[in-house]
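Enquirer: In case you want the letters, here they are:
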Amino acid sequence: MIDALGYTFMQNAVIVSLLASIACGIIGTLVTVNRMSALAGSIAHASFGGLGLAYLAGFSPLIGATCFAVAGAAGIAVISSGKRARTDTAMAAMWATGMAAGLVFIKLSGTYSADLMSWLFGSLLAVSASDITFAAALDIVILLVITGLYKEFLAVSFDREFSMLQGVPAHFIRGLFLILTALTAVLLMKITGLIMVIAMLSIPAAIAGMFTGSLWKMMVLASILAAVFNLAGLTLAWMLDLPPGAVIILLAAFAYAVSLIIERVKSGAAL
Amino acid sequence: MKEAIRLQGVSAGYRRGNPIIHDIDLTVPKNDFLTIIGPNGGGKTTLLKVILGLLTPWEGTITVLGGSPEKNRSAIGYVPQLIPDDSFPITVMDVVLMGRLRNAGLLRRFSLKDRKSAEMNLARLHVGNLAGDDMNSLSGGQKQRVLIARALAGKPQILLLDEPVASVDHDTQKSFFNLLAELNNDMTIVLVTHDVGAVSAHVKTIACINRTLMSHGDTLSSESVAKAYGCPFELISHGGIPHRILGNAKESES
Numbered sequence: 001m002i003d004a005l006g007y008t009f010m011q012n013a014v015i016v017s018l019l020a021s022i023a024c025g026i027i028g029t030l031v032t033v034n035r036m037s038a039l040a041g042s043i044a045h046a047s048f049g050g051l052g053l054a055y056l057a058g059f060s061p062l063i064g065a066t067c068f069a070v071a072g073a074a075g076i077a078v079i080s081s082g083k084r085a086r087t088d089t090a091m092a093a094m095w096a097t098g099m100a101a102g103l104v105f106i107k108l109s110g111t112y113s114a115d116l117m118s119w120l121f122g123s124l125l126a127v128s129a130s131d132i133t134f135a136a137a138l139d140i141v142i143l144l145v146i147t148g149l150y151k152e153f154l155a156v157s158f159d160r161e162f163s164m165l166q167g168v169p170a171h172f173i174r175g176l177f178l179i180l181t182a183l184t185a186v187l188l189m190k191i192t193g194l195i196m197v198i199a200m201l202s203i204p205a206a207i208a209g210m211f212t213g214s215l216w217k218m219m220v221l222a223s224i225l226a227a228v229f230n231l232a233g234l235t236l237a238w239m240l241d242l243p244p245g246a247v248i249i250l251l252a253a254f255a256y257a258v259s260l261i262i263e264r265v266k267s268g269a270a271l
Numbered sequence: 001m002k003e004a005i006r007l008q009g010v011s012a013g014y015r016r017g018n019p020i021i022h023d024i025d026l027t028v029p030k031n032d033f034l035t036i037i038g039p040n041g042g043g044k045t046t047l048l049k050v051i052l053g054l055l056t057p058w059e060g061t062i063t064v065l066g067g068s069p070e071k072n073r074s075a076i077g078y079v080p081q082l083i084p085d086d087s088f089p090i091t092v093m094d095v096v097l098m099g100r101l102r103n104a105g106l107l108r109r110f111s112l113k114d115r116k117s118a119e120m121n122l123a124r125l126h127v128g129n130l131a132g133d134d135m136n137s138l139s140g141g142q143k144q145r146v147l148i149a150r151a152l153a154g155k156p157q158i159l160l161l162d163e164p165v166a167s168v169d170h171d172t173q174k175s176f177f178n179l180l181a182e183l184n185n186d187m188t189i190v191l192v193t194h195d196v197g198a199v200s201a202h203v204k205t206i207a208c209i210n211r212t213l214m215s216h217g218d219t220l221s222s223e224s225v226a227k228a229y230g231c232p233f234e235l236i237s238h239g240g241i242p243h244r245i246l247g248n249a250k251e252s253e254s
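Just so you know, the protein sequences line up as chains A and G, in that order.
Sequential numbering of the first sequence, starting at 1, is according to the working numbering.
Sequential numbering of the second sequence, starting at 1, is according to the working numbering.
Treat the hints loosely; a few may be bogus.
What the hints assert, rightly or not - Below 25 Å or equal to it, Euclidean Cα-Cα: the simulated SDA-like pairs (lysine to any residue) are:
| hint | chain 1 | residue 1 | chain 2 | residue 2 |
| --- | --- | --- | --- | --- |
| 1 | G | 30 | G | 136 |
| 2 | G | 155 | G | 170 |
| 3 | G | 204 | G | 166 |
| 4 | A | 217 | G | 30 |
| 5 | A | 266 | G | 136 |
| 6 | G | 155 | A | 266 |
| 7 | G | 155 | A | 150 |
| 8 | A | 217 | G | 193 |
| 9 | G | 113 | A | 169 |
| 10 | G | 174 | A | 100 |
| 11 | A | 266 | G | 131 |
| 12 | A | 266 | G | 86 |
| 13 | G | 113 | A | 149 |
| 14 | G | 174 | A | 63 |
| 15 | A | 217 | G | 86 |
| 16 | G | 116 | A | 266 |
These are computed hints drawn from the structure, not numbers from a lab.
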């Protein structure tokens, strides 16, 4: 593995993995405590439509995916300000519609399917300098927003109604959260692929939540866990010649299962 | 006496043609301790939401301390229902600090004054020693006190409580009502509950709600309770209703 670091593509993979862990830990924590992992999944899948359109119209897939993810997040923000049942349906519809649109666009564009596979299942060993810039920029934005509005994010997540009574612009905070989730989902697509984004936004945070008692500690621990899973997965995948995204998810899932057992034992419950 | 809350002909709901509360007239004088009882689905929470300005009524007018509910929101301390299953990672201190959000303002950290206020209110409710604890490690009664401390941290003139005794045992209920009575010295209190047994002797006035407001005043006729619940008054009268109300009910029975 050490000698593999001599390759530029491996260096890029490590850098993006570490940068993505920060976004993943912070946004994943918010997704988890707000119980919105299905939302993250549906945003990720909606972005597939943007990818297809980008291939068809000939612009950057990253831009296409980002636009569709953000538009999807905005759509859900508007719909979810109403009834809960409608939000659920809207997310399910968006999930599938994005995939369907993407497939149609890609067929029309005649794109080689290997490109497609890299978006669906990740392409950690093929990240570019622009991906690193995107990851770094997103981390900076997320860190600025969360440090500046931490108490508001905490309040809206814990008790939205009460936060509104305290004059917190809850709809704005929620919109901001959805857009950051969309951008993080696009970034994570590079690593695990859009199909598995949902796992990276929920597993590290879920484990962190078992062992921490405050939101910021959960964010820090989730980021560290994501970094560990990413780097360990990358190493293991390199040694065993397996797809890195899938290995990362399997490691995370294994750690989650172990954590669940530890939590059960600690709380004295039967297994 | 000046009034804290006044509702005139208020109707509200979530779907047109299906009002949850209908044509409500209610005047709450300052320093009243009002308990509104009603069955589940009777519109108790909806009524509170309208008073809080979270739900705009279809018809009627509402004033809180002489102004609109939105304008005078900071004068109301709200204690919501306890959420039974909650694994949210938050400390007691962080919960109480939420009551200082308006004071602290956007993009700023909580000041020392905000923290002092939070600590003071926790201590006032005898849970000062729990400030650093995980909210989830607390009992139902302790959580209830923390939520009241949060409401008080904003220095309200009116305290609204939604089903505050639903998940606490009888002894906790007793000390809880003593606490409310103490707060009632300088604060108007409005409490809604479906549990008639939870109406304590400290309560000054009682109203019944089941879509419409059945009764309001310091007496409660057996008829209106029976209407609200569809059950005979005897079932309810064992639950610790204040004496003067019981006395009145007996008069109307005889």
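Enquirer: Take the hints in turn and mark each one as holding or not.
Expert: Hints, verified against the model:
Of the pairs offered as hints, the one joining residue 30(G) and residue 136(G) is violated, with about 35 Å between alpha carbons and a cut-off of 25 Å exceeded. Straight-line distance between C-alpha atoms of residue 155(G) and residue 170(G) comes to about 29 Å, which puts the hinted pair past the 25 Å bound. Using a Cα cut-off of 25 Å, the hinted pair residue 204(G) and residue 166(G) holds, with the two alpha carbons roughly 20 Å apart. At roughly 43 Å between alpha-carbon atoms, residue 217(A) and residue 30(G) are farther apart than 25 Å, so this suggested pair is violated.
This hinted pair checks out: residue 266(A) and residue 136(G) have alpha carbons roughly 16 Å apart, not beyond 25 Å. A distance of roughly 40 Å separates the Cα atoms of residue 155(G) and residue 266(A); the hinted pair therefore is violated under the 25 Å criterion. Simply put, residue 155(G) and residue 150(A) have alpha-carbon atoms about 23 Å apart, close enough for the 25 Å limit, and the pair holds. A hinted pair counts as satisfied when its Cα atoms are at most 25 Å apart, and residue 217(A) with residue 193(G) does not qualify at roughly 37 Å.
Distance restraint check for residue 113(G) and residue 169(A): the Cα-Cα separation of roughly 23 Å lies within the 25 Å cut-off, and the hinted pair is therefore satisfied. With a CA separation close to 60 Å, the supplied pair residue 174(G) and residue 100(A) exceeds the 25 Å bound. For the proposed pair residue 266(A) and residue 131(G), the alpha carbon gap of about 24 Å is at most 25 Å, so the pair holds. Distance restraint check for residue 266(A) and residue 86(G): the Cα-Cα separation of roughly 18 Å lies within the 25 Å cut-off, and the hinted pair is therefore satisfied.
A distance of roughly 19 Å separates the Cα atoms of residue 113(G) and residue 149(A); the hinted pair therefore holds under the 25 Å criterion. Under the criterion of a C-alpha separation no larger than 25 Å, the hint pairing residue 174(G) with residue 63(A) is inconsistent with the structure, at around 61 Å. In summary, the hint linking residue 217(A) to residue 86(G) is supported, as the alpha carbons are separated by about 18 Å, within the 25 Å threshold. For the proposed pair residue 116(G) and residue 266(A), the alpha carbon gap of about 35 Å is over 25 Å, so the pair is violated.
Checked against the numbered hints given earlier, the structure breaks hints 1, 2, 4, 6, 8, 10, 14 and 16 and satisfies all the rest.
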